[in-house]
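The numbers in our numbering rise by one with no breaks, and the one at position 36 of the sequence shown is 36.
Calculated from the structure, these hints are not laboratory results. As the structure is a prediction and not an experimental result, all values here were calculated from the model. Misleading hints may appear alongside valid ones.
20 Å max Cα-Cα, derived SDA-like pairs, lysine to any residue [to be verified]: (1) 71 with 43; (2) 71 with 8; (3) 71 with 16; (4) 3 with 74; (5) 71 with 10; (6) 71 with 9; (7) 3 with 29.
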Amino acid sequence: MSKPDELLVDVAVMVESGQSNQMSLTVVTGGAVITGRLAPEAVWRQRVSEVLTDSAHLGEFAGTFTASTPKDGPPTHLHFHVARILQGAVGIPETGGMYRVSMEDVSAWTVGDFSYH
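Using the sequences and the hints given, assemble the complete structure.
Here you go:
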């Protein structure tokens, strides 16, 4: 979507306002299907920073994710946590990952996530 869907922007605004981190969403972007829960950007950045800090090889990148300033205007990205990229009958990674998706690149979306057991 060269101009993000207003309804999707409204969902992102609610998540960013801290009203909920339980919103499950599935999006199609760049030919990939990503499914999981949305998180406010600050929470997402903090979690990515923690994961990097714990890494023996990637710790030096942790500060990049905590050194951010709030932006004016509506959100431009969706921040997924506990998310998977769907590939056939498999969700990658099985335990869920952290993904940042530009709303401009979302070509379709639905409320809810898909799970494979």
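Violated hints, by number in ascending order, as checked against the structure = none
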